[in-house]
Amino acid sequence: MRLAVATVVLLGVFAVPGPARANRCDWVEPVFGVKPPDLLIEHSYCVEGETGRFEPARVIATFENGSMPRIFWGGRLPDNAAVFYAVGQDGRLMWARQTGGNGALGPMREVGSGFGDWGRYPTLMSAGKGHLFAVNEWGNLVRWVHSGWLTGADEWGSEPLDLGPACKMGTTVFASALIPGPGKAVVVQGLTYSLCRWDGRTQTMSVLPEGVMSATAAPAPGVAFALLAPSGQLKRMVLHARQPDLPIWRIDDGADATYARVFAGNAFMPGEEKDLHKYEWQWSFYDGKAYLQA
Numbered sequence: 001m002r003l004a005v006a007t008v009v010l011l012g013v014f015a016v017p018g019p020a021r022a023n024r025c026d027w028v029e030p031v032f033g034v035k036p037p038d039l040l041i042e043h044s045y046c047v048e049g050e051t052g053r054f055e056p057a058r059v060i061a062t063f064e065n066g067s068m069p070r071i072f073w074g075g076r077l078p079d080n081a082a083v084f085y086a087v088g089q090d091g092r093l094m095w096a097r098q099t100g101g102n103g104a105l106g107p108m109r110e111v112g113s114g115f116g117d118w119g120r121y122p123t124l125m126s127a128g129k130g131h132l133f134a135v136n137e138w139g140n141l142v143r144w145v146h147s148g149w150l151t152g153a154d155e156w157g158s159e160p161l162d163l164g165p166a167c168k169m170g171t172t173v174f175a176s177a178l179i180p181g182p183g184k185a186v187v188v189q190g191l192t193y194s195l196c197r198w199d200g201r202t203q204t205m206s207v208l209p210e211g212v213m214s215a216t217a218a219p220a221p222g223v224a225f226a227l228l229a230p231s232g233q234l235k236r237m238v239l240h241a242r243q244p245d246l247p248i249w250r251i252d253d254g255a256d257a258t259y260a261r262v263f264a265g266n267a268f269m270p271g272e273e274k275d276l277h278k279y280e281w282q283w284s285f286y287d288g289k290a291y292l293q294a
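The opening residue of the sequence shown carries number 1 in my numbering; numbering runs sequentially from there.
It cannot be assumed that every hint is accurate.
Okay, the calculated beta carbon distance ranges per label pair [what the hints assert, rightly or not]:
(1) L246 <-> G211: 16 to 26 Å
(2) L246 <-> P37: 30 to 40 Å
(3) P36 <-> P122: 13 to 23 Å
(4) T151 <-> R120: 19 to 29 Å
(5) L150 <-> G116: 23 to 33 Å
(6) P78 <-> A177: 20 to 30 Å
(7) R250 <-> P107: 37 to 47 Å
(8) A153 <-> P37: 26 to 36 Å
(9) D90 <-> G164: 22 to 32 Å
No wet-lab data here; the hints were simulated from the structure.
Please read all numbers here as calculations on a predicted model, not as lab measurements.
Note that the Cβ used here is the ideal one computed from N, Cα and C, for glycine as well.
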């Protein structure tokens, strides 16, 4: 898994300095796109008052010889840099963080080798702050706590926690052992976000727009991102909770860029160390019932 930092124009995506971008925003919704075979791109959304815009895309990492691992967001550091985890083709779990003013991804280091082959988990994600989740071979949701997530130290909390049956259908985009209400995870099933209950059953919670794919967890209240099928164009979605039945997501804005996969991080206010929102991603609109925001 060899990584090289991109500093030139490549496939229509260009690098721009980091701090100058963030200082103009009331808050930033971090968004990351994957372009096979070798590009990881930051394409975040800037909110200014009642309006917003996609920031210029910037390549933050290239992987040699098409060796891009399964990569996902892992948390935000006090300097607003993002932490990432990745699973290589050899099953090793790797940690890396953005460095410097240009947001480039620093060296990857192996963590979690004591837990065996991470590649055996088809679903692996992070809720931030070192909390990793996967669905194991028995169909249960499992949580690890990487206490060294801030620095990449290979330090872990207690043994993995088995949270019981995972929902058998769909792609899990967020999970937690601490969320309120009857659920433990959020699953994308077709064109819905569903709540994975403690008994392993799903409960439909909101409806996605027609024709989207690769929907993300929500980085801010009532906000998520997805790709428009089949083009892969990046879209920002907002939640309309005032519906007679289920909340419905609508496409709010689009970027002039296409990706094979997209994922998001937690929103932040430039210059502020604390997270912008006190609640966890999807629970900006789920409270164990149907809505949190009207």
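Hint by hint, here is what the structure shows:
no. : hint                      : result
1   : L246 <-> G211: 16 to 26 Å : holds, 18 Å
2   : L246 <-> P37: 30 to 40 Å  : holds, 38 Å
3   : P36 <-> P122: 13 to 23 Å  : holds, 18 Å
4   : T151 <-> R120: 19 to 29 Å : holds, 27 Å
5   : L150 <-> G116: 23 to 33 Å : holds, 24 Å
6   : P78 <-> A177: 20 to 30 Å  : holds, 25 Å
7   : R250 <-> P107: 37 to 47 Å : holds, 41 Å
8   : A153 <-> P37: 26 to 36 Å  : holds, 31 Å
9   : D90 <-> G164: 22 to 32 Å  : holds, 30 Å
Checked against the numbered hints above, the structure breaks none of them.
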